[in-house]
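Asker: Kindly generate the complete structure, drawing on both the sequences and the hints.
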Amino acid sequence: MPDEKIRSIDKATLKLLEKAEKEKIGTVFSRADEIKPCPIGVEESCCKVCAMGPCRLPRSKKGEAKERVGVCGATIETIVARNFARKVAAGAASHSDHAREVVHTFIKTARGEAQGFAIKDEMKLLAVALDFGIAIEGREIKDIAMELGEKALKEFGKQDGELVYIGKAPLKRQELWKRLGVTPRGIDREVVEIMHRTHMGVDQDYKHLLLHAARTALADGWGGSMISTDLQDIMFGTPVPVLGSINLGVLKEDHVNVVVHGHEPLLPELLVVASRDPEVRKMTEDAGAKGINLAGMCCSANEVLMRHGIPCAGNFLQQELALITGAVELMTVDVQCEMQGLKNVAECFHTRLITTSDRAMIEGATHVEFHPEHGLDTAKKILKMAIENYPNRRHAVYIPDESRDMVAGFSHETINYLLGGLFRASYRPLNDNIMNGRIRGVAGVVGCNNVRTPHDSAHIAMIKELIRNDVLVLTTGCAAMACGKEGLLTPEAAKLYAGSGLAEVCEAVGIPPVLHLGSCVDNSRILMAATAMVKEGGLGDDLSDLPAAGAAPEWMSEKAIAIGQYFVASGVFTVFGTTWPTSGSEKVTRHLFEEYEELYKGMWAYEPDPVEAAQLMIRHIDKKRRALGIDKARDRVLFDMAMRRALD
Amino acid sequence: MSDYKYEEKEDFAGRKVKVLGPTYEEGKPEDRGDWRSKLGSREDALRYIRTAMRYWYSKEWYGSEKRKQEA
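So the sequences go chain by chain: A and B. Under numbering that gives the first Met the number 0, residue 647 is the last one in the first sequence; the count climbs by one each step, no gaps. Under numbering that gives the first Met the number 0, residue 70 is the last one in the second sequence; the count climbs by one each step, no gaps.
Just so you know, these hints were derived from the structure itself, not from any lab. Please note: incorrect hints may appear among the correct ones.
Unchecked claim - Quick list of in silico lysine-lysine cross-link-like pairs, DSS-like style, CA-CA up to 27 Å:
1. 37/B <-> 141/A
2. 380/A <-> 281/A
3. 58/B <-> 167/A
4. 23/A <-> 251/A
5. 37/B <-> 494/A
6. 119/A <-> 37/B
7. 58/B <-> 37/B
8. 58/B <-> 494/A
9. 65/A <-> 206/A
Claimed, not checked - These stretches of chain B come out as covered by chain A in the derived footprint (C-beta under 8 Å, 3 or more residues):
10. 18-29
11. 47-57
Glycine is no exception: its CB is placed at the ideal position from the N, C-alpha and C atoms.
Answerer: If you want it as structure tokens, here you go:
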């Protein structure tokens, strides 16, 4: 290694990085050593929206207070806010284009035109149909699904009115959004409008720009992401608790290893089906392998883990390392978070890198395009390519030992069920335990890995600090995988790491202190769980009243900014680590960190130290507990009639 | 019932009492905790949606939002 800095807290990662260094294979870690972040770009003090620039407007090194404006006169506030809004647009577009693909496949499934797909979860279909105002009495499942698919598709291009799912938010929150004029209309419309407003010479008031950034982010959280989650649940099943395993040790030397990487679960679902096909199994045996070992990477991993218990090879920063084991015959990639560096690593081994989405190719990779009409055939074709590649291993295989058990599959519906069973399913026990103080509050810790922060370290330090202080953690994405590797996603973790109050509740219910809610589009499940807590009663009447906070301590992608922005606009105090993309403007940063509290009753914060960030969240939770009057233990007083009369 | 294990403990008065021990099964679960499959028919599913998921689907129950006008 070029220096002594810690790369990761995960032993498997360190072992494979050592192998990469010995074999002189470049990875994201070595590239990060060679490329330092641009000091102007890191604070977003650069404008390149027209050809009169780019205009670089860094702060004065001498600390002089000089006016910073671009050639066109755009202020640093406008420039920083525009850059921030464009990140929100890109993130919202990514989740929502994923959703669009899911809706297209859903419609084809309803028509019977999607090979290998089916409507697996009729109960969820009925519930979502009710959300969309679809008549269900006496109608066949296929008809309901068809109408739902068509209505869901219209959510993207809606020009007026509001998204259907906005009606699921707490009433007070809906009123606040209306008052601020940020209730989202069509998902595509809001994204397009950001691109227009941030064009040269359009919206040049940073507060006005950031209002629309909130509206677009809400179109993601309460639109695109929620549609993805719900329609995927209908097609593949709403997640229920399932035992899985995680880390690079899930790869098997004597098996054909196929890693599914990316975000859309459409092809991965069919790869699961195809891997059980007798013809494919026979072919595997003939190739001399003991079987096919499907393993996930990034959010594709979360999707197949939650629904099938398929093992998870790792999170974002481990994608190249999986190939460096020399044991991966084939890796499929669809969309989002796939490093182009995979191609070079794959070339060092026998691994075939397969791109599968019509929206994403990688130069030099093999493209096998997925279309739902013949999806199962495509899945079988891909597996056959992997099997044929098994005899081509040309390096000694090295698979680290590390892998751990974990429990995933905590959809908001499953949490509701676990807290009361079929007869009394309810969020009441959770609310009661927050009110009585056993649970201090709830935190959503989500997001990516970032090579500028030691891999997984900030997730784990923050989450351990939170649960030690009796804060129940809901997690998704790469954060969830970090927790799995650390052993935080098993019920036994409550005894080891949680405060006594949280541990007691976890033991009674039989749940881990950190609940895995899914992939990054499944942050919509966190919104639903929080909304259920509000609607259950006793913890205020808006999301911003809850003793709750959000965080993405190792964020990296524009999607994370979109997620953070919809958390904040939904009333959640949200802390990001690693770096902060508006530091070029004090006014914009103050607006997001302080003035947002007046507007949304939720605001952003930046704190790179994960333990201090956890403390910020705990202080916010305690502030909300005080506001609710549940900050002190009180004796239970039984009121007699005289005391009741005295209340008036 | 005969499979249940009991532990002997002292009550508040110091008397020996038998209390029910852990009731969970040893080992790792092999199957998913598929609670949704218990709801077989469409009627069962709809009843569950309207009661258990009352936060969004019940017309008579509003929790913290009772008596409020719709937004």
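Asker: Run every hint past the structure and note whether it holds.
Answerer: Hints versus structure:
1. 37/B <-> 141/A: Between residue 37/B and residue 141/A the Cα gap is close to 22 Å, so the pair holds against 27 Å.
2. 380/A <-> 281/A: The hint holds at about 14 Å.
3. 58/B <-> 167/A: holds (14 Å)
4. 23/A <-> 251/A: Within the cut-off at roughly 24 Å; holds.
5. 37/B <-> 494/A: Violated: residue 37/B and residue 494/A sit about 31 Å apart, past 27 Å.
6. 119/A <-> 37/B: holds (14 Å)
7. 58/B <-> 37/B: Holds - the C-alpha atoms of residue 37/B and residue 58/B are around 25 Å apart, at most 27 Å.
8. 58/B <-> 494/A: Not satisfied, since the Cα-Cα distance of roughly 41 Å exceeds 27 Å.
9. 65/A <-> 206/A: holds (21 Å)
10. 18-29: holds (count 4)
11. 47-57: holds (count 8)
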